[in-house]
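**Q** Each chain is listed here by its residues.
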Amino acid sequence: MSKISPAGKVKSKKEKVKSMSNRFRFAFLLLTFALLTGCGVRADMQDQPRYKAYKQSDFFSDHKGSRDPVEGTVARGQLHDNKAFYTGKIDNPNLNAPVATAVDAKGNTVIASFPNDIDEFPVPVTKELIDRGQERFNIYCIVCHGPVGNGDGMIVRRGFPAPPTYHDDRLRNAPVGHFFDVISNGWGKMNAYAYQVQPADRWAIAAYIRALQVSQNPEEHLKMNSKTESNTAPPKKDETKNVSTNGGKR
Amino acid sequence: MAQFFNKSANNIARISMVMVVVLAGVGGFAFTQISRSSYLTGRYLEKQQPVQFSHKHHVGDDGIDCRYCHQTVETTASAGMPSTQTCMNCHSQLWADSPYLEPVRASFRDNKPIEWERVHDLPEYTYFNHSIHVAKGVGCSTCHGSIDKMPAVYQENTLQMEWCIACHRAPEKFIRPKSEIFNMAWQDGDLDSKERDKLKVDLKIRSKEMMTSCSTCHR
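In order, the protein sequences belong to chains Y and F.
Per my numbering, the very first residue in the first sequence carries number 1; after that it's consecutive.
Per my numbering, the very first residue in the second sequence carries number 1; after that it's consecutive.
Take every hint as true, because none was put in to throw you off.
Restricting the straight-line Cα-Cα distance to at most 25 angstroms, the calculated cross-link-like pairs of lysine-lysine (BS3-like) are:
1. 127/Y / 136/F
2. 173/F / 198/F
3. 64/Y / 112/F
4. 189/Y / 89/Y
5. 55/Y / 112/F
6. 64/Y / 52/Y
7. 47/F / 52/Y
8. 178/F / 198/F
9. 198/F / 136/F
10. 204/F / 178/F
11. 200/F / 173/F
12. 112/F / 52/Y
13. 173/F / 208/F
14. 200/F / 136/F
15. 194/F / 208/F
16. 136/F / 204/F
17. 189/Y / 106/Y
18. 178/F / 56/F
19. 136/F / 194/F
20. 149/F / 56/F
21. 127/Y / 178/F
22. 64/Y / 47/F
23. 52/Y / 136/F
24. 112/F / 47/F
25. 198/F / 208/F
26. 47/F / 55/Y
27. 112/F / 189/Y
28. 136/F / 173/F
29. 194/F / 173/F
30. 173/F / 204/F
It should be emphasised that the hints constitute simulated quantities derived from the structure, not laboratory data.
Looking at chain Y on its own, in the form it has when it is part of the complex (with noise of 0.2 angstroms):
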């Protein structure tokens, strides 16, 4: 009966579309709810899907959200072929040159010559230089070495075994490029520190240790020849007192 009625027809119409918006909304919801939870929106903005430093992964094995570059990336620019300024050694170095040796103060047999280091600054020396030496020397070194290098720093008060001074003979007469060395590799007791000094300071400090080693014994030469700059002139007396040794200040 209802189905023949006009009036019937039409109100059958109207549910159907009331059913379809229906169905429309359950839909719209189900979709704005499976965006909020489920598809990575999330409305928590303080703690974004994303990594910053030291952020814990879930998804790498390591828990590590920083990764490493791939075992022999170079970046551009860091192909790092200067092999003076990267590691201190000269260009052709016999592993099997002889080595003096020498007995240290406390009865050890110490290395005395350096045949494969070099002797001449890859960089220009300059008062900024030896500045950023001091500055940094004052951050990394003087834990162990103290302030002027005599290997009596606060760590070495604390129990750590004395490195030896930079003021006996041995040291005043080893290449700059032992220091490099020393820091990026490490030696004896003291670890490596190429983490956490970056090559152009090392030479830094390398320069800041030569002064030091001026201020302990003023009659020295100052020796910071530098190949690329000409700076092998020895310095006049004023100049060397300019070098400051208030490394213990902080």
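Following the hints, position chain F against chain Y.
**A** Just chain F, lined up with the frame of chain Y:
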């Protein structure tokens, strides 16, 4: 017809008008205080770390520079957490068999980073970069407090936007010379206001408009 309202309703009406204002005021004040409380900001709450590391000992007693461990503070956004090798520079020899340091040795042996608890956690919709703050005269202790006196590090400030913007509006009140950035003993009184204004110019700190622009921190 009887009176609909009792006569005392006059007083109740007057009192309730006052009370609405008072309650709104108290409620508003309570909101500002609760939202700044350490319960919500985490301020002053010491975090337990996997190793009992004491900044008081390493910085205060031993005088180790901040940058010995936090190497990248001058060059990158993150100040840098030390690798376990940095610990082992000294602790290969000192306290080398202490049970307290077993997590450090285990990390070094197994090549697994120590999982420290984050103390200062800025919301990730803010952009923050350590290197620019250090370069423009903001000292470590300006934000982090006297780390050299904290056995366990806690958050010294609220890290809320009002705290950030107080300095961005008037940086000359907080800055110090670049040579004193890592000096834990620096006091704000060490410079007078004239020297600070000059320092702001010398450090080339940008205008207030630039410093408080939304996209300076929300980018």
